[in-house]
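Listed below, chain by chain, are the residues.
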Amino acid sequence: MSGFPWQSAFEIREQVAVGSASAVEVTRAYLARAEELNTTLACFLTIDHEGALAAAAQVDHKRAAGEALGPLAGVPIAVKDNLCTRGVRTTCASKILGEYVPPYDAHVVEALRASGAVLLGKTNLDEFAMGSSNENSAFANVHNPWALDRAPGGSSGGSAAATAAGLAPLALGSDTGGSVRQPAAFCGITAIKPTYGRVSRYGLVAFASSLDQVGPMARSVREASQLLEVVAGHDRRDATSAERDTGNYLAACDRGVKGLRVGVVRDLLDGLQDAEVRASVESALGALEQEGAILVDVALPHAQHAVSVYYLIATAEASSNLARFDGIRYGLRVPGKDLTETYTKTRAEGFGPEVRRRIMLGTYALSAGYYDAFYLKAQRVRTLIRRDYDTAFEHCDVVCTPTTPTPAFALGEKTSDPLEMYLADIFTLPPSLAGLPAISTPSGLSGGGLPVGLQLVAPPFEEEVLCSVAQAVEDQCGLLSTHPSALP
Amino acid sequence: MSRGRICYVRRPMADPKITLEQVLHVAKLARLTLSDEEARQMQEQLDAILGYMEGLDDLDVSEVPPTFHSIPMDAPLRPDVPERCSDRSETLAQAPASEAGGYAVPLVLEVDS
Chain A
1 MSGFPWQSAF EIREQVAVGS ASAVEVTRAY LARAEELNTT LACFLTIDHE
51 GALAAAAQVD HKRAAGEALG PLAGVPIAVK DNLCTRGVRT TCASKILGEY
101 VPPYDAHVVE ALRASGAVLL GKTNLDEFAM GSSNENSAFA NVHNPWALDR
151 APGGSSGGSA AATAAGLAPL ALGSDTGGSV RQPAAFCGIT AIKPTYGRVS
201 RYGLVAFASS LDQVGPMARS VREASQLLEV VAGHDRRDAT SAERDTGNYL
251 AACDRGVKGL RVGVVRDLLD GLQDAEVRAS VESALGALEQ EGAILVDVAL
301 PHAQHAVSVY YLIATAEASS NLARFDGIRY GLRVPGKDLT ETYTKTRAEG
351 FGPEVRRRIM LGTYALSAGY YDAFYLKAQR VRTLIRRDYD TAFEHCDVVC
401 TPTTPTPAFA LGEKTSDPLE MYLADIFTLP PSLAGLPAIS TPSGLSGGGL
451 PVGLQLVAPP FEEEVLCSVA QAVEDQCGLL STHPSALP
Chain B
1001 MSRGRICYVR RPMADPKITL EQVLHVAKLA RLTLSDEEAR QMQEQLDAIL
1051 GYMEGLDDLD VSEVPPTFHS IPMDAPLRPD VPERCSDRSE TLAQAPASEA
1101 GGYAVPLVLE VDS
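Protein chains in written order, with my numbering: chain A, 1 to 488; chain B, 1001 to 1113.
Do not take every clue at face value.
[Unchecked claim] Straight-line Cα separation of at most 20 Å, SDA-like style, residue types lysine to any residue; simulated pairs: (1) B:1028 - A:371; (2) A:345 - B:1096; (3) B:1028 - A:357; (4) B:1017 - A:376; (5) A:258 - A:283.
[What the hints assert, rightly or not] Quick look at which bits of chain B chain A covers, simulated, 3 or more residues with Cβ under 8 Å: (6) 1066 to 1078; (7) 1089 to 1095; (8) 1105 to 1112.
[Said to hold, decoys possible] Computed from the model, here is a short list of chain A residues facing chain B with C-beta under 7 Å: (9) 308; (10) 328; (11) 329; (12) 339; (13) 377; (14) 418.
To be clear, the hints were calculated from the coordinates, so they are not data collected in a lab. All residues carry an ideal CB built from backbone N, CA and C; glycine is no exception.
Just chain A, with the same shape it has in the complex (with noise of 0.2 Å):
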């Protein structure tokens, strides 16, 4: 096996494939560097040893029968603990999941089974992914792989810090505000929010269900925009799921730029007060344009409102997903006198500060009284928010933001302060308010060292587009050939 840890999806596969390696010692070699590494990074909540093996073992088998291999055999891949893994303890990374151990697998895990790839185990995060540095997991704080003491972001941080350290090529996360991006972004990876419907959420456990969406996340755009085609795809169990056809996200990204007209978001970009993340935005934009891309000035100008919009419809909605968690069912229950007190004791002792804080909001919203102050007006402004968008692709192709207004913060940094937390999602809430498509990938590092990310939003269900521009960045400006400094 050549190139390990930091061989890509593709170069594992062809390895396995030709069979200059097997999957059980691909396998073995990244179960060994999880295990190692897990206890400076926290990444994993879970490492499946077994399944792992087993499933590495019947690609061996399918190979030496002769059978066909799907697009990632023997590739392992990281999967966060929000997706359902039957047989494998999934806990949200909260106490009230601790011991749950689903009867079924999510969607995205069967394709993922059914396409070769090797399950390592499942992803630490923000719990029930409210988040966005992953401190709010009851179980461990993740590290930033290019600095320890930075934040890795959420809440899909173990899946990126595992990407980012080569413990896996490849990653699932969930995104429900920014929750793969800002993290890729933090970690130096590549990651996809899919169009709301593109990606079945079939076994993906609910935070917010107009806005959460499954994305794949990798060091290379290629990788992730392969996984995104394993993954897409209608799913009748989701009945958000669109009818739409898979597209070529892989061959969309050797399709160049030239012609494509690039928003840029001018006054949001000339607000930024970290001047490094500026400059980094400002000359990736510069290689688009050197590369045959137009660059267009185009206006969001109620994105501002973001972040309010986001807090009161996200919170909303899970105020009522999270009421299913009562200890009558399944996870943790607080024995009380009689069933009310049965409800609130497993509750208050269940779910996290941040969780309790983001369930007493929305239902603060939604009651009577605040409903139409409140949650109607937020999805009032969240219409003039989308026709931002739809104004802004009368002039281009995709709008082109940072992904989050400063490099990873320091851990601790933020947790004594929500609301200062909450205003780091600043750029990628307004794409998910208006349900479209945004990748992020690196467009270079600080001069701490630290990975710098770029947005790129696209209308709904053209993918392919951002692939396309994600790669020219990632070809000019990428990070690639750069490994995180800080891996013991």
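Following the hints, put chain B in place on chain A, whose structure we already have.
For chain B alone, kept in the frame of chain A given last:
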């Protein structure tokens, strides 16, 4: 976005957006219990968040329709074909308590005999 949007000024608590009494009421609706200290902290944090959200009042959206679904789609129907549901014992295996093929729960009603 103007620079001022990323920063915010903590407002004095003299005119809170949410009172302690409201916090306790919402906690009851959400089936959560909060200690005195947790309730006080929750009030302070929700107050700051709701204070920030007052920025939405700058917009007149009375004529703007709400977006409940970002991507318009029809409610799909699937063929009405019977299929096996999941295995009962496997499902009940995840229950904190089960009895006689069902979920066991604390007493709901007390009936005098």
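Against the structure, the hints come out as follows:
Of the pairs offered as hints, the one joining residue 1028 of chain B and residue 371 of chain A holds, with about 17 Å between alpha carbons and a cut-off of 20 Å not exceeded. A distance of roughly 14 Å separates the Cα atoms of residue 345 of chain A and residue 1096 of chain B; the hinted pair therefore holds under the 20 Å criterion. For the hint linking residue 1028 of chain B to residue 357 of chain A, the alpha-carbon distance of about 13 Å falls within 20 Å, and the restraint holds. Straight-line distance between C-alpha atoms of residue 1017 of chain B and residue 376 of chain A comes to about 18 Å, which keeps the hinted pair within the 20 Å bound.
At roughly 17 Å between alpha-carbon atoms, residue 258 of chain A and residue 283 of chain A fall within 20 Å of each other, so this suggested pair holds. Counting residues of the stretch 1066 to 1078 of chain B whose CB lies closer than 8 Å to any CB of chain A gives 10, which reaches the minimum of 3, so the coverage claim holds. For the stretch 1089 to 1095 of chain B, the stated coverage by chain A holds: 5 residues have a C-beta nearer than 8 Å to a C-beta of that chain, and at least 3 were required. With 4 residues having a beta carbon nearer than 8 Å to a beta carbon of chain A, the stretch 1105 to 1112 of chain B meets the requirement of three or more and the stated coverage holds.
Taken as an interface hint, residue 308 of chain A checks out: its beta carbon lies about 4 Å from the nearest beta carbon of chain B, inside 7 Å. Taking 7 Å as the C-beta cut-off, the interface hint given for residue 328 of chain A holds, the closest approach to chain B being about 6 Å. Using the Cβ-Cβ criterion of 7 Å, the hint placing residue 329 of chain A at the interface with chain B is satisfied: the shortest such distance is roughly 6 Å. A hinted interface residue such as residue 339 of chain A counts as satisfied when its beta carbon comes closer than 7 Å to some beta carbon of chain B; here the least separation is about 5 Å, so the hint holds.
For residue 377 of chain A, the interface hint holds, since its Cβ comes within 7 Å of a Cβ in chain B; the closest pair sits about 6 Å apart. Residue-level restraint check for residue 418 of chain A holds (minimum Cβ-Cβ distance to chain B is 6 Å; threshold 7 Å).
In this structure, none of the earlier numbered hints is contradicted; all agree with it.
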